[in-house]
Amino acid sequence: MTGTEHTAGSSRRATGLATLDRRWIYLALAAAIALSIVARIRFPDTPSPLVQAAYDRVETLPPGASIVMALDYSPSSRPELEPMAFAIARHAMLRGHRLILLSTWDTGNAMIARLCTEVLRREFPERREGEAWVALGYKSGNEMLINAIRQDFDSMYASDMEGRSCADLAVLAGVESLADCTLIVSLSSGTPGLKEWVLFAGDVTGVPVVGGSTGVGTPEFLPYFPRQIRGLLGGLKGAAEYEAALELGHPDFHQRTMAATDGMGPQAVAHSLIVLFIVLGNVGLLLQRRQRRGT
Amino acid sequence: MRSRAPQLLVAAVGILLVLTAFVPRPAPGAGNAWQGFFAYIDENFSVWFNIMAVFAFGLGAASLLGVHGGRVRRRGRDWPYSLATLLAFGVTLLVGLLKLGGPPGLTGDPADSASILGRIFAAVVSPLQASMFALLAFFVASASYRAFRVRTREASALLAAALVILIGRTPFGSALTQWLPEPLAFLRLERLSLWIVQVPNLAGQRAIMIGIALGVVAMSLRLILGLERGVLGKERP
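Protein chains in written order, with the numbering used here: chain F, 1 to 295; chain S, 296 to 532.
Hints are not guaranteed to be accurate.
Calculated cross-link-like contacts (lysine to any residue; reagent style SDA-like; alpha-carbon spacing at most 25 Å) [claimed, not checked]: (1) F:K139 x F:E126; (2) F:K139 x F:S155; (3) F:K139 x F:S165; (4) S:K394 x S:R414; (5) F:K139 x S:Y335; (6) F:K139 x S:I415; (7) S:K394 x S:D373; (8) F:K139 x S:L520; (9) F:K139 x S:L354; (10) F:K139 x S:T387; (11) F:K139 x F:E162; (12) F:K139 x S:A438; (13) S:K394 x F:G190; (14) S:K394 x F:C116; (15) F:K139 x F:P79.
From the derived model, a few chain F residues whose C-beta atoms are all more than 10 Å from chain S [what the hints assert, rightly or not]: (16) G9; (17) G64; (18) R128.
Facing chain S, from chain F, some residues (calculated, C-beta under 10 Å) [as the list claims (entries may be wrong)]: (19) R22; (20) L35; (21) F43; (22) P79; (23) E131; (24) S140; (25) N147; (26) S155; (27) M161; (28) E162; (29) L222.
The hints are simulated quantities; they were obtained by calculation from the structure and are not laboratory data. The model shown is predicted, which means the values in this text are computed figures rather than measured ones. For glycine and all other residues, C-beta sits at the position ideal for the given N, C-alpha and C.
Please put together the full structure from these sequences, using the hints given.
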C-alpha cells in the first residue's frame, strides 16, 4: 500500500465516523433496546435526595391523611409517569392514606382508570373505593379548575367518575377543598401540571406539593425544590428510585410490577449507545482535523 | 364603544382579580363586607371561567370544521388528511355523545373502558401517541451524534455536560465511578450529574423564570390599561 492510498483510506474512515448514516444509528439503537428488553437487564437503584424527600413526605403522614393525586399526562408520557403513579399509590395504600384522584388533562380519565384497575382494585381489594380512594376524574378549566377546587371541591366535582355523589363518599369526609388535604401529588408532562399545582394550590393553601415530571421537563421544576415542591421525581429514573425506596422502606411488600426499574435497563443501554455514537463522531472529527493539518 | 366596552371589562376583571390576591380571606362568619366580596369574586370567577372553557370546546370544533371543511371543499393541499381528520372527529364525537357501548344516562362515563369511545382511546389514541413519543428516542440519538461535536469551546462544554448527564442518569454512572475515594466523591458521575442539574441549570432556569414573570406582569398591565388590543380581535374601521 502506498502512502497516498494509506492517507486516502484513513481519510475515508475519518469521514465515515464523522458522517455516519442515521439509519445505522436507528438500527443499532433499536437492536440494543430490543436485546436489553429481551435479556431483562436490571440495575439496582438508590433514591436520590429529591426522590427520598418525596418518599419521606408520604411515609411520615399520619394514617388516614388525604392525598390529592393529579394525573396530568397522556399516553405519550405514560411510560415515564405511570410507574410514579403506581408506586406512590401503592405507598399511600400501604400507609393507610386516603387517595383522591383527578386530572386537569382530558386524557386523564384513562390514566386514572388504569391506576384503579392495575393497582388499587387488584392489589388492595381490602381498601375499598369510596372509602380509601376515589377517582374524581377530569374536568375542563385547566388552572382555573385548581383554583376552583382550592376553595370548594363540590363546585366542580358533584360526583365521581362512576357517577356516585361525592357527598356520600366516606373518603371525602372532612375534605371540602384542597386546603383540607394533607398532601398534593402532581404527576405531569406539560401545562397545566406541577407548576400550576404549586402556584394555584400549594403556595396559596400551604398544603405541601410533591411532584413528578418527565426527564426533559424536570429541570424546569428544580427552582421550586425544596420549599414549594417538597420532593421531585424526574423521569423514569425518578420513578425507579421511588420503587427502590419503597422496596427498602417496606421490604415485606412485594411490588407486582416495577415498570420503572425494568425500564431503566434498556434506557441505560440506549444512553450508553448514544454516548458511544457521540464519542465516535468526535473521534472522526478529530481525525479529519489532523489530516487537514497534515495535507 | 364596540372596543371600549370589552376593554373596560378586561380592565375591571383584571384589577379585581389582582386585588383578590392581596385581600385576606375572612374566617367563616367574620370579616367585613369588602373581604366577603373579594372572597366571592375569587371563588366564583374560577367557576365562571370553567363554564366558559366548556364553550371554548365548541369554538375549537367550529374552527376545526371551518379549516378542514374548507380545504376538503377546495380540494386544497393534502385534503385527504383533512377528510380523515373530519371523519375521525365526527365518529369520535358521535360515539362519545351517544355513549355507545358504555354506561348510559347523563352520569354514565362516556370514556368507560367498555364503551366504543374507551376502545377508540385504548386502541387508536394511546398507541399512536406512544409511538410518536417513542420515535423521539431515535431522532434524539441521531441529533446528539450530529450536534455534540468539539467544534468550539462552548460546544465542548455542552458536550461534556451532556455526557455527564447521559451517563450519570443511568445506573452505569454510579457503577463506573463508585471506586473514587470519599475526598473525590464529588467527581462521581451521579453526583456530578446532579450538580450540573442543581447548580448551573438551576441558575439558568431561575433567570428565565424571573424574566418570564416580569414579561407576564408587563403584558398584564398593558392589557389592563388597554394598550394591548390584539386580544379583543381586529379593530373595525
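Comparing the hints with the structure gives:
no. : hint            : result
1   : F:K139 x F:E126 : violated, 29 Å
2   : F:K139 x F:S155 : holds, 11 Å
3   : F:K139 x F:S165 : holds, 16 Å
4   : S:K394 x S:R414 : holds, 12 Å
5   : F:K139 x S:Y335 : holds, 21 Å
6   : F:K139 x S:I415 : holds, 20 Å
7   : S:K394 x S:D373 : violated, 32 Å
8   : F:K139 x S:L520 : violated, 33 Å
9   : F:K139 x S:L354 : holds, 18 Å
10  : F:K139 x S:T387 : holds, 19 Å
11  : F:K139 x F:E162 : holds, 14 Å
12  : F:K139 x S:A438 : violated, 38 Å
13  : S:K394 x F:G190 : violated, 29 Å
14  : S:K394 x F:C116 : holds, 21 Å
15  : F:K139 x F:P79  : holds, 23 Å
16  : G9              : holds, 23 Å
17  : G64             : holds, 24 Å
18  : R128            : holds, 19 Å
19  : R22             : holds, 4 Å
20  : L35             : violated, 15 Å
21  : F43             : holds, 3 Å
22  : P79             : holds, 7 Å
23  : E131            : violated, 20 Å
24  : S140            : holds, 5 Å
25  : N147            : holds, 4 Å
26  : S155            : holds, 5 Å
27  : M161            : holds, 6 Å
28  : E162            : holds, 7 Å
29  : L222            : holds, 5 Å
Consistency note: the structure conflicts with the earlier hints numbered 1, 7, 8, 12, 13, 20, 23.
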